[in-house]
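Novice: Top to bottom, those sequences are chains A, B, C and D. The numbering used here applies: residue 32 is where the first sequence begins, and numbers increase by one. The numbering used here applies: residue 32 is where the second sequence begins, and numbers increase by one. The numbering used here applies: residue 32 is where the third sequence begins, and numbers increase by one. The numbering used here applies: residue 32 is where the fourth sequence begins, and numbers increase by one.
A hint or two may mislead.
No copy is singled out in the list; a pair is fine if it fits within one copy or between any two copies.
[As the list claims (entries may be wrong)] Listed next, the in silico EDC-like pairs over lysine to aspartate or glutamate satisfying Cα-Cα at most 16 Å (straight line):
hint, residue 1, residue 2
1, K64, E50
2, K44, E101
3, K78, E112
4, K64, E90
5, K44, E61
6, K64, D40
If you're looking for bench data, these hints aren't it; they were derived computationally from the structure. Since this is a predicted model, take the numbers as computed values, not measurements.
4 protein chains.
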Amino acid sequence: MPGYQLTRDDHLKRLRRIEGQVRGLQAMIESDKYCIDVLTQIASVTKALQGVGLGLLDEHIRHCVREAAETDEHEGDAKVEEAVAAVARLLKS
Amino acid sequence: MPGYQLTRDDHLKRLRRIEGQVRGLQAMIESDKYCIDVLTQIASVTKALQGVGLGLLDEHIRHCVREAAETDEHEGDAKVEEAVAAVARLLKS
Amino acid sequence: MPGYQLTRDDHLKRLRRIEGQVRGLQAMIESDKYCIDVLTQIASVTKALQGVGLGLLDEHIRHCVREAAETDEHEGDAKVEEAVAAVARLLKS
Amino acid sequence: MPGYQLTRDDHLKRLRRIEGQVRGLQAMIESDKYCIDVLTQIASVTKALQGVGLGLLDEHIRHCVREAAETDEHEGDAKVEEAVAAVARLLKS
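With the rest of the complex left out, here is chain A:
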């Protein structure tokens, strides 16, 4: 069971809001909104997505990484590497 169990509803609520924002972006393009306003909204949706990512990362370190470390040191190290690689992907996106 993944570490985000407890706040699962919170993640889903945020992702539904983000889905609505992406539909809003389509409506902006369809009604010829000014490019800069669309860009500002894209920055806002990106930030919201990163927020969900940071929430998941928090829970992942809090639960999965720790549990792995308690069971087996090598397993714990592997989990840390995996989490940092995920952060690297977020930074590059």
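Assemble the complex: chain A is given as a structure, and chains B, C and D must be docked to it using the hints.
Specialist: The following block gives chains B, C and D in isolation, referenced to the frame of chain A:
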């Protein structure tokens, strides 16, 4: 008329795909997918959104910034500042 | 002559400050400062570097992209593509 | 003692190289190098800095976060929050 007129369909197609990816993220959370896999997918959606942003920026500079510069130097300068401020918001998101 | 001629001294001053901050990071590591404090300082240096980049981008669009557009439409288009590709590299870094 | 003890020399070596790159940026500006080439180099220095940050984050989670978790659960939670806040600052920079 905004500068992205010509590639409007392309932007809409990409945004519909992104909307589907955000729904996919909800499904991943609902079916308890592994946190790291959700994070990888979030990085991918963020990258896709930035891609739409870069496309809009390209057209904005190509059309709006240039047109403004041709009409009036001060108007042109204001457009450049506005575009760079939009890039700054993308960088911080 | 590049577009940043006028604010060249400002860029140099900022880069010298950034050089000092990077030396400060070395001193933090040498004196075993707390990891999180080093990370906070890294975020601050990165932001300062992006600031120089945004300044250069502003002048580049203001001068080089515009001049190219005035001389030749194809040349102007090539400059826009080049500038947007540079923004894409900043976003991924 | 911070978690990055073991790879301290590696961090210092990287930071000295980054310091040299920042001096190289100054030389580029002083010799009127093309704006886009300076921007490309800025993206490269930023990436190198983020690399040091990711290395520190890896060691921080591996050592400090884990140790705190083993001593005291609340202390462990506080360390996770602190680390995720540091990642958030990197993402916004």
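Novice: If a hint holds in the structure, say so; if it doesn't, say that too.
Specialist: Verification of the hints:
| no. | hint | in the structure |
| --- | --- | --- |
| 1 | K64 <-> E50 | neither (19 Å within a copy, 19 Å between copies) |
| 2 | K44 <-> E101 | neither (32 Å within a copy, 33 Å between copies) |
| 3 | K78 <-> E112 | neither (24 Å within a copy, 18 Å between copies) |
| 4 | K64 <-> E90 | between (38 Å within a copy, 13 Å between copies) |
| 5 | K44 <-> E61 | between (26 Å within a copy, 11 Å between copies) |
| 6 | K64 <-> D40 | between (33 Å within a copy, 14 Å between copies) |
Going down the numbered hints, you'll see the structure goes against 1, 2, 3, while the others check out.
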